[in-house]
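Go by the hints and put chain B onto chain A.
Here are the chains, one letter per residue:
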Amino acid sequence: MQCPKCRAPMHTFNRSGVQIEQCSGCRGIFLDYGELEHIAQLEANWAPQAAAPPPPAPPQQPYPPAGGPAWGAPQHGHHHGGHHYPRRKKGGMSGLFFSS
Amino acid sequence: MSEAAEAAALAAALTGDEPVVLADRPDGTVVRIGDAVVKAHGEDTDVAALAARVRAAAHPALAGVLLPPLPPLPPGTVSLLHDGRPATVWPYGAPVDPEAVPWEAAGALLARLHAVPPAVPGPLPPAGGPARAARALARLRAARLPSARAAVRDAAARILATPVPVRSVALCHGDFHLGQLVRYPADGGVWRLIDVDDLGIGDPAWDLARPAAWFAAGLLPAEDWHRLLHAYQTAAGTGGEDPWPALDGPARVLTAQCAARALVRAAATGRPPEPEDEALFISCLRIAALP
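Order-wise, the sequence lines are chains A and B.
Each residue of the first sequence is one higher than the one before, starting from 1 at the first, in this note's numbering.
Each residue of the second sequence is one higher than the one before, starting from 1001 at the first, in this note's numbering.
FYI, nobody ran anything at the bench for these hints, they're computed from the structure.
Accuracy of the hints is not assured; some may be wrong.
Computed Cβ-Cβ distance ranges for the label pairs, DEER-style [stated by the list, open to error]:
| hint | chain 1 | residue 1 | chain 2 | residue 2 | range |
| --- | --- | --- | --- | --- | --- |
| 1 | A | Lys5 | B | Val1047 | 50 to 56 Å |
| 2 | A | Pro4 | B | Asp1242 | 39 to 45 Å |
| 3 | A | Gly28 | B | Gly1064 | 50 to 56 Å |
| 4 | B | Val1166 | A | Arg27 | 28 to 34 Å |
| 5 | B | Ala1115 | A | Arg27 | 40 to 46 Å |
Note that beta-carbon positions come from the ideal geometry of N, C-alpha and C, so glycine has one too.
Chain A on its own, in the form it takes in the complex (with noise of 0.2 Å):
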């Protein structure tokens, strides 16, 4: 879809299970109906969890966690959190097989 301010293309993120635009133009980000509600619900969630005591190490990884730069597409920021993101649908990877 375009962005309705400075009509470049917008891109689709997926947040904890919330599907966000985001401008690569003017990086103005555009909610679907509920969104917004959506992320007040996983706030409201999330906060009690921050008073309780800290959660269990995670599990063991078969590769040590190697992180990722500090641009890293928000899915990184999730790394321990054990939330798992679907695969990309291929065609995300067809660029790596090309020289640039």
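Chain B in isolation, oriented as in the chain A frame:
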């Protein structure tokens, strides 16, 4: 006679098989004839540098890592086509199936390449990564882009113009991506690296920067990235170390370089960028927004 036809004729003379064009781009034409592949290199190729790179591919220290050039041409021999473009001849290897990427083999091959003492295969020019980035910046600056792309263009240009400190020096591929792996012999052989056009001395982190950029953009699943990284670090003896202090700079450049290429291509063809390109654009904006 076109470069592709001339390259085909050269290979046909060697093998007697029917030619198939594998790639025909301004920077190189690749034709397969039977078990031989001929590459007609770009017209601005430095022939002496290419000859040094082909000799390195034939060096015993790189056996099993780089695909060696095909006899009967002596190693390092570069044929010249009628227009002066150099041509090289290689055995045919089977490319990567995108559904079954050999991440472990890729990581181990790059680690083995980087472990070869740079002076062993003979004097080599600098690896081509930084020069590729400079060319991408020049093309980006020369392109006429729609104003809606100004933010991405400025971000990519700024990243590409930012010098990246060299943290270590090794023998590098110079343009590693998944199209640079072939299985040789084609049926059941082992994976090798191909395309020596950018082979040379440089910071080895650049060879991991393309997949690192795809991972950071959210395009390469973390599982695949960790398979590559784990294999690389295991073979290099650096398991458990944080790779990002070394990767950060080159991965930013490759992000911006691929974004720049997509912007220029979209402007030239009039077709909108792919969703994959949009993810790289967003990465550029995230980098530009860093304090």
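Now for the hints, and whether the structure bears them out:
For the pair Lys5/A and Val1047/B, the supplied restraint of 50 to 56 Å holds, since their beta-carbon distance comes to about 52 Å. As the Cβ distance of Pro4/A to Asp1242/B is approximately 41 Å, the hint placing it in 39 to 45 Å holds. In this structure the hint that Gly28/A and Gly1064/B lie 50 to 56 Å apart at CB holds, the actual value being about 52 Å. Between Val1166/B and Arg27/A the CB atoms are about 32 Å apart, so this pair conforms to the stated range of 28 to 34 Å.
Distance hint check for Ala1115/B and Arg27/A: the Cβ-Cβ separation is about 42 Å, which falls inside the suggested range of 40 to 46 Å.
Of the numbered hints listed earlier, not one is contradicted by the structure.
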